[in-house]
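Chains A and B are the protein sequences, given in the same order. Positions 2 to 662 (my numbering) are the ones given, in order, by the first sequence. Positions 306 to 636 (my numbering) are the ones given, in order, by the second sequence.
Check each hint, because a few of them may be wrong.
[As the list claims (entries may be wrong)] Calculated lysine to any residue pairs in the SDA-like style (CA-CA distance at most 20 Å, straight line):
| hint | chain 1 | residue 1 | chain 2 | residue 2 |
| --- | --- | --- | --- | --- |
| 1 | B | Lys552 | A | Ala165 |
| 2 | B | Lys552 | A | Met131 |
| 3 | B | Lys552 | A | Glu110 |
| 4 | B | Lys312 | A | Thr382 |
| 5 | A | Lys144 | B | Lys552 |
| 6 | B | Lys552 | A | Thr382 |
| 7 | B | Lys552 | A | Phe166 |
| 8 | B | Lys430 | B | Thr445 |
Just so you know, the hints here were simulated from the structure itself, not pulled from any lab data.
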Amino acid sequence: MHLAFGPAAEKTVTDPGASTSEAQAIEVASIEDLHVTFRRSGKDIAALRGVSLDIRRGEILGLVGESGSGKSVLGLALLGLLDARADVRGAVRVAGRDMAHCDQSARREVRRVHLGAVFQDPMTSLNPTMRVGRQVAEVAGSKDEAERLLGAVGIPDPASRMDAFPHELSGGLRQRVMIAMAVAGNPDLIVADEPTTALDVTVQAQVLTLLRSLRDEIGCSVLLITHDLGCAAQVADRVAVMYAGRLAELGSSAEVLARASHPYTLALLRSRLSLASDRTTSLLALPGEVPNPAAPEPGCAFAPRCDLAGPACLDAPPPPLEVRPGHLSACVVPAVEVTSRLAEVVRAAVVPHPEREPHNDDVVTLYRVQKSFRVGAGRTTRRLQALRGVNLTVGRGESVALVGESGSGKSTLLRIVAGLESFDGGKLEVAGPDCPQMVFQDAGASLTPWLTVGEIIGERLRGISRAERAAKVAQALAHVGLPAEVAKAKSAQLSGGQRQRVSLARATVVAPSILLCDEPTSALDVSLAASVINLIGGLRRELGMSVLFVTHDLSVARVVADRIAVMYLGRIVEVGDADQITSQPVHPYTQALMSAVPDMGREPVALRGEPASPLAPPAGCAFHSRCPKAIDDCGDALLDVRLTAVDRSAHHLAACIRATA
Amino acid sequence: MSALLAKRLGAIVMISIALAGVLFYLQKISPLDPVHARLGGQASASAVAAERHRLGLDRPEFTQFVDYVRGAVHGDLGDSYRTRRPVSTDLRAYLPATAELALSGLLIAMVLGVLLAFATTLRWKASSVLRPVLLLGASTPTFLLGIAGILLFYSKLHWLPATGRSSLADVPGGPTGLITVDALLHGRFDVFWDAVQHLIMPATAIALGPAVAIARVLRSSLVSDQRSDYARTARAKGLSEPAILIKHVLRNCVGAALSMTGLQVGLMFAGVLVIEQVFSWPGIGQYVAQSIPVADFPAISGVTLLLGVGYVVINTVVDLLQAVADPRIKV
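Could you put together the complete structure from these sequences and hints?
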């Protein structure tokens with residue numbers, strides 16, 4: 002891809018690898034002691050509590066934080082899009098204007114000329130009733146320029162896409178349209194707020210690569226807001242870590258990764274899952290939850306969760322101090338001491354998993370299970386082939402992960418095992434006596450809002466006295482690490498992590514033979530996800546349950562599962578022990594998924610294209626259209642790719658004629 | 306699009322036949338005997354039998370129903386007991402006046418509704434006047450509104466006429482029967498203006514209620530879509546608030562307002578029948594008002610069928626317009 006971006010391409014581009022001490026670099030935006038307070042239902046919510054930050058010309062600055070850290074508020078402040086009722090103090094300087102206080106028409110002008118924005122969900126962020134060509138032309142100025150931009154962001158056949166509506170494009174293409182709008186008119190700064198969170202892993206890698214190459218071409222700066230430190234460290238030049246409305250740490254990506262100095266950054270790095278995480282011990286979850294922004298503590302906001310917190314932490318929030326040139330950390334404990342003292346704490350916290358005794362009986366057996374859905378009506382009816390013949394067994398006490406991108410059929414398979422969905426062909430056996438229990442991604446939506454937690458959990462207990470029921474509910478809550486008082490609360494009064502614990506308590510109050518988990522951690526913050534994964538593993542061992550765990554993230558699958566089954570377009574393409582799959586993936590699709598997992602200090606490797614439509618799976622091997630190793634035979638309609646043993650191991654099977662031949 | 310169109314047309318036919326069935330059986334179970342209604346109470350038994358045979362009332366009921374539907378399809382709705390003319394001929398005479406009034410009312414309701422929605426969404430100064438006035442109008446019964454209008458604008462201010470469709474003698478008889486349209490077709494602007502003056506009061510009286518309903522629905526979707534992600538994207542592009550509302554938000558919001566409009570049309574028909582009495586408007590309302598006291602069943606059911614089919618047709622048009630506005634609605 003090559004871009005010619007007119008006169009603006011001559012803008013001075015600072016070397017992205019330049020050392021952070023290069024203070025003469027010109028700032029495109031500078032935030033000075035920014036405080037933002039919202040008023041919601043009579044309470045003051047302190048979203049930002051004194052943030053100072055410069056964004057240099059041509060750099061990608063990764064802004065990392067969990068929900069409630071204020072990272073998105075900072076992005077909106079830069080765009081001058083904060084709610085007019087918010088109380089804003091400090092300054093946000095972009096192109097010589099204070100976006101926090103200048104009048105609306107001046108802000109509009111700055112947005113139009115100097116800023117671009119990419120938001121999280123490209124489906125809702127594009128106008129659903131306007132053709133994408135017009136949406137891009139609105140900022141690009143002309144149809145021709147819009148078409149050129151669509152081509153420049155890697156949309157194939159841009160001329161024909163000009164007339165498409167957003168719903169006619171795939172998620173990845175939609176996000177490319179958003180990016181085309183953001184780079185139109187060569188802005189100085191692009192604010193990208195979680196641009197890849199709603200996308201599949203392979204597409205996420207494509208979008209990150211695209212953002213970086215656009216920066217290299219037109220020399221704009223990018224503020225990459227993300228909850229994933231790995232994702233930020235992979236493409237950003239500098240990383241800023243935020244916690245509870247303040248800056249915790251700031252430095253070049255390499256520096257922050259190698260010599261993180263703030264206990265929070267270190268905790269994030271520890272609880273973050275990667276393909277190298279230790280599978281034999283429990284994860285190092287960060288205890289506690291993000292502090293309540295309505296009642297900020299006077300001292301360091303991280304102190305209640307910090308292993309090193311001392312009396313000095315409780316007086317005043319520590320200002321960011323330079324620990325090395327260009328590397329700031331807001332902690333009263335000296336950086337050297339932080340690393341050494343935390344290492345000891347960590348050593349003591351590691352709990353190895355007990356060995357699992359192997360069982361020979363199977364809890365779930367699927368044999369050639371097929372499922373298709375009718376899509377559309379009348380003459381346009383088509384069949385969406387969700388499952389195209391799946392064989393899988395889950396042993397007693399075993400944990401199996403189903404991994405795949407959207408459209409792979411992994412969630413359909415889970416719903417069929419749960420009995421929530423019928424299937425068209427094949428056989429399914431689920432061992433009794435209790436029916437499987439399910440835990441969903443959106444724990445908030447899966448709890449009835451007007452019932453108390455006690456009523457929700459107690460629903461599964463029939464025919465026992467009220468006192469017995471209350472005791473069982475309290476016991477189930479204790480199992481998931483919640484106090485018994487939670488039984489009286491309703492789901493709206495709980496935090497995200499607590500809600501997911503409540504759904505686990507509901508699922509396990511009567512221990513099922515198998516627990517079905519549909520992406521239970523993907524909506525949670527990094528620090529909470531680790532504790533939920535630990536919890537599921539602990540419950541499984543304690544109650545002797547099997548677990549079938551659906552996820553799009555191989556690094557999560559690797560930690561929660563004994564075995565991993567990788568799915569693509571309704572078929573299992575590779576299955577084997579978690580270690581085998583992640584250390585020696587055989588199928589090209591598994592290999593592509595592995596390389597797409599965002600990891601620090603490693604270039605993102607993007608698989609071309611997006612998953613094909615399950616309405617018309619490609620003939621032969623369904624993956625051949627994207628496969629880097631495909632040969633002509635792979636697309637042969639008569640080809641029947643079956644799961645075949647890899648290295649004569651009965652445990653490791655792959656469906657690829659190139660890999661197992 | 307054609308598939309949806311075919312499906313909707315099919316639905317219109319089915320609903321109309323069902324409506325005809327209901328009307329037919331209402332007529333059957335009513336204690337009124339159409340033969341006595343025609344011949345009078347003193348008619349001899351043989352004359353009654355002969356008339357019954359002539360009208361086909363001695364045949365099986367299902368055959369009668371099929372004949373009724375077949376006749377209705379061909380525009381034969383039976384003869385009115387009162388006027389002794391075919392009901393379809395009567396309707397043809399009275400319908401244009403009602404159609405003109407109802408369509409004007411619909412137009413005014415939509416314009417006022419959109420105006421009010423925009424005024425309150427963008428917090429225009431005018432909204433502080435417009436809103437209470439419209440709310441007051443909408444919560445007053447239509448006929449009171451009409452009478453109040455006559456007292457103020459006719460008796461007191463002499464601004465507008467109080468009765469009829471036109472005060473001119475030489476109204477051109479045009480192709481449509483709608484005086485405003487015919488006048489324009491004939492290039493008679495004096496007639497057009499005169500007809501508009503006659504229309505303003507009755508049309509506004511029936512439009513206020515629907516206008517407020519449309520405005521309320523449109524406003525709430527405008528306000529919620531103003532906070533949507535795509536509106537935020539438009540804002541990030543540097544567009545101004547009115548531009549965002551008109552270019553981006555409006556098209557996403559017309560769906561809800563359109564379905565409300567479709568529902569309001571039904572209420573509006575009821576309003577038309579009443580308001581025609583107040584303004585001596587020579588339309589279907591007058592016709593029905595004269596038919597009901599004498600139990601002129603063919604006339605009443607003819608009007609009911611016509612209004613019912615009109616309601617279904619308008620709601621079908623609304624559905625099609627929604628599909629045009631929102632490309633995600635699969636057709």
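Need the list of violated hint numbers for this structure, in ascending order.
6 and 8
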